[in-house]
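Asker: Model the full structure from these sequences, guided by the hints.
Here are the chains, one letter per residue:
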Amino acid sequence: MIPELGNFSLMLALALSLGLAIFPALGVRTQNVVFMRTGSSLALGIFFFMLGSFFCLLHAFVNDDFTVTYVANNSNTALPLPYKISAIWGAHEGSFLLWTLIMSGWTLAVALFNRSLTTDITARVLAVLGGLNVGFLAFLLFASNPFERSLPFHPQDGADLNPLLQDFGLIVHPPMLYMGYVGFAVPFALAIATLTAGRLDSAWARWSRPWTNAAWAFLTIGITLGSWWAYYELGWGGWWFWDAVENASFMPWLVGTALVHSLAASEKRGVFKSWTVLLAIAAFSLSLLGAFLVRSGVLTSVHAFAVDPLRGVFILVFLVLVVGGSLFLYAFRGGLSKNRANFSWQSREAFILSNNLLLVVSAAAILIGTLYPLFYEVVTGGAKISVGPPYFNAVFVPLMAVLFLFMIFSPFSKWGDTKLGLVLNENKWWMLVGILGVVTTSYFFGNNVFFYGLLLKSLGALILFFLVKNLLQRVKNLSASYTGMFLAHSGIAVAIFGVVITTYYSEGKDVRMEPGDKLDLSGYQFEFFGVEKVRGPNYLADQGEILVTRDGKKVALLRPEKRFYPVAQDVMTEAAMHVTPLRDLYIALGEPVGEKAWAVRVNVKPFVRWIWFGGLLIALGSFITLFDARYRAMKEKAAKLFPLGVAT
Amino acid sequence: MSFQKSLFIPLAAFLAMTIFLGFGFQLENAKVLPSALIDKPLPNFQLRDLQSGQMLRSADDLIGEVALVNVWGTWCPNCVIEHPQLLKISREQNIKIFGINYRDNNVEAKKWLKKYKDPYAFSVSDDEGTLAIDLGVYGAPETFIIDKSGFIRKRHVGPVNAKVWKEELKPVVDHLRGLEE
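Chains as they are written, first to last, in our numbering: chain A, 730 to 1377; chain B, 2 to 182.
Hints are supplied without guarantee of correctness; some may be wrong.
In silico lysine to aspartate or glutamate, EDC-like type, Cα no more than 16 Å apart, as pairs [what the hints assert, rightly or not]:
| no. | chain 1 | residue 1 | chain 2 | residue 2 |
| --- | --- | --- | --- | --- |
| 1 | B | K112 | A | D1239 |
| 2 | B | K89 | A | D1299 |
| 3 | A | K1238 | B | E109 |
| 4 | B | K111 | A | D1239 |
| 5 | B | K118 | A | E1256 |
| 6 | B | K164 | A | D1239 |
| 7 | A | K1283 | A | E1256 |
| 8 | B | K115 | A | E1320 |
| 9 | B | K112 | A | E1320 |
Calculated directly from the structure, the hints in this document are not laboratory data.
Answerer: Below you can see the structure in the form of structure tokens.
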């Protein structure tokens, strides 16, 4: 009964989405204000039924309703409750339900917070979002329905959730990622709305900015969490793999980063408008492309969902309609605004332009690397090739180094023109001290000096130096936008330090250890006490015990595990870690190699936490910009002009 | 209506990409038997043994009984996921698994095998990826079944898990072994 209710809710949401795609647009066409204003109530209805449907699936999971095929495939009576809930998005159908729920949430948010927009633009935006909702809901209902039942013969117990996904990181990672992916639908819809209306002015840039920043911040958190999860759950201490699915989330992030910056230039100076619109279209298109790559089975990867040809065809057709349609519109209407470019090569506009070029080129390079095996196969009629981290690192890192070079100057750059020579001359001694500091500390603490590492760390140090110096000059007059920029840029510098130091100075050993064996690594001593059997809710585990000491003093007692999940028939490595801001001690249990001996992997990873701390700083900065006084003033002004409220 | 030609570039680029994606998608749907080498002999090769680093191995070393040939690399997260299943097969199924270490760092690869244990009768270092290309490997991991005369009889793209083994690979192995008796 409950699952049928969920299914029915989806149908109602689809019907309302069709209404949302049609009525406001019809209102714009016939100049009928009543029709134009149907948007908000329809959006509320869609969200309501999506939420209802989500709770129905939640109910099925919590109550172990194994007549529902999706529940039977991804849950088990012994599965702990938090994982029963997160199992909703543990596989394709349910995660797409979450995706669509989030889409309806953003649609509702647009319907609620649109006071500064004119009625007809609001109607156009909501109609575009309605159309996207129709596509997602149709896909959900007809190609990946999570409410399908296997009656009358249903399994007595479920097949259990993939053990890799039974983890806190995976509870929060997909919702954040989808908030970001789907959030880019809002700037996308606004771009389409302004293109159809033929009003490519600065107002749309101002309105797009908070939405873009919010979506981008969520995407940043999602990617950061994904990297953190891979680090501790895949059991070998890597934090980025250039896996196809990671790339699928990284491409929209890079283009989104470009968009965040070019929107600033469009709003403040009225430049690059046509380009900004293209970026808004591209950011969302890449999100959709990511969905296609992950869900069609075109590329295999850690995260890949089950392959289903029908799904692939559906998403490809949807992709062609949405992306092809909007680029077609862009081709005819994108040139409507005439840019009067009036800035020097040292201006903030020029810096933003180089930022955009570098980010878009990086995204394109990653896109080529991700799709290259496919292209190669088509062109050569079946010959196959594989593209791995060597390509991505070789292409991506130098581009980023150039980007960081430009980033150094961003805090004191000025619209129109910057006296770059003056700034450099004023700070030359400080810059020299910074670089020398990086070189000497690397030399004394790292034992080793690497050119690339030194270059990147110096860039990071200079970025931080100019940020802080600029902050001290402006500390009396901090706006939310400036604070946000400061935090986000510092986040990049922090992440640079994390990435470089972890990459070059991590130490690790794989050893065979018997009870009583000791190992010295990076000044720490690891003593192995042996392994004992422990039992978890839905797994059995071998749990090792290792005492870590430094100069005779206890640092930590670590218990890495090797877990066996009987229902899923899977073995998982659960690494144990001791974490401080400056280093991680990371111990993973391998296989038994003798009577009481085990293979043990011990890693000391300096600064690894800085990578994710940097990511969170970036996201925090981006969220803070949402509180800028500009947007509040905008709302108040709109409220004065239209005392009864506009289009709500 | 006036418009600029340059604005059509994104549209053209996208359409070109879509055509490729469409083709690629159809190819992938034929994933079950995409290798042109099915029912052809194993391509010959001369590659170093991963563990010894010196000894040269050739196709002859793989021929003699029904066996699995598995393409792997330390840069491949799917291989980590697949690995416990390979260990289980080598332990319980009395079948040899030969490894092709695809475009990898030899030191890292040996460490990797030490860490996750080694299910392979032996692995060869395919540093340049030549053997993998001869085999038509799309990415790692991939698994081939060869019969006792060294003919490729089955190809599986992506990780081998319990289900794939039971439903796709084991029947072929059993069938080939049945033919021998």
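Asker: Next step is simple, just say for each hint if it's right about the structure.
Answerer: Structure-based check of all given hints:
no.	hint	result
1	B:K112 / A:D1239	7 Å, holds
2	B:K89 / A:D1299	11 Å, holds
3	A:K1238 / B:E109	12 Å, holds
4	B:K111 / A:D1239	11 Å, holds
5	B:K118 / A:E1256	22 Å, violated
6	B:K164 / A:D1239	31 Å, violated
7	A:K1283 / A:E1256	11 Å, holds
8	B:K115 / A:E1320	9 Å, holds
9	B:K112 / A:E1320	13 Å, holds
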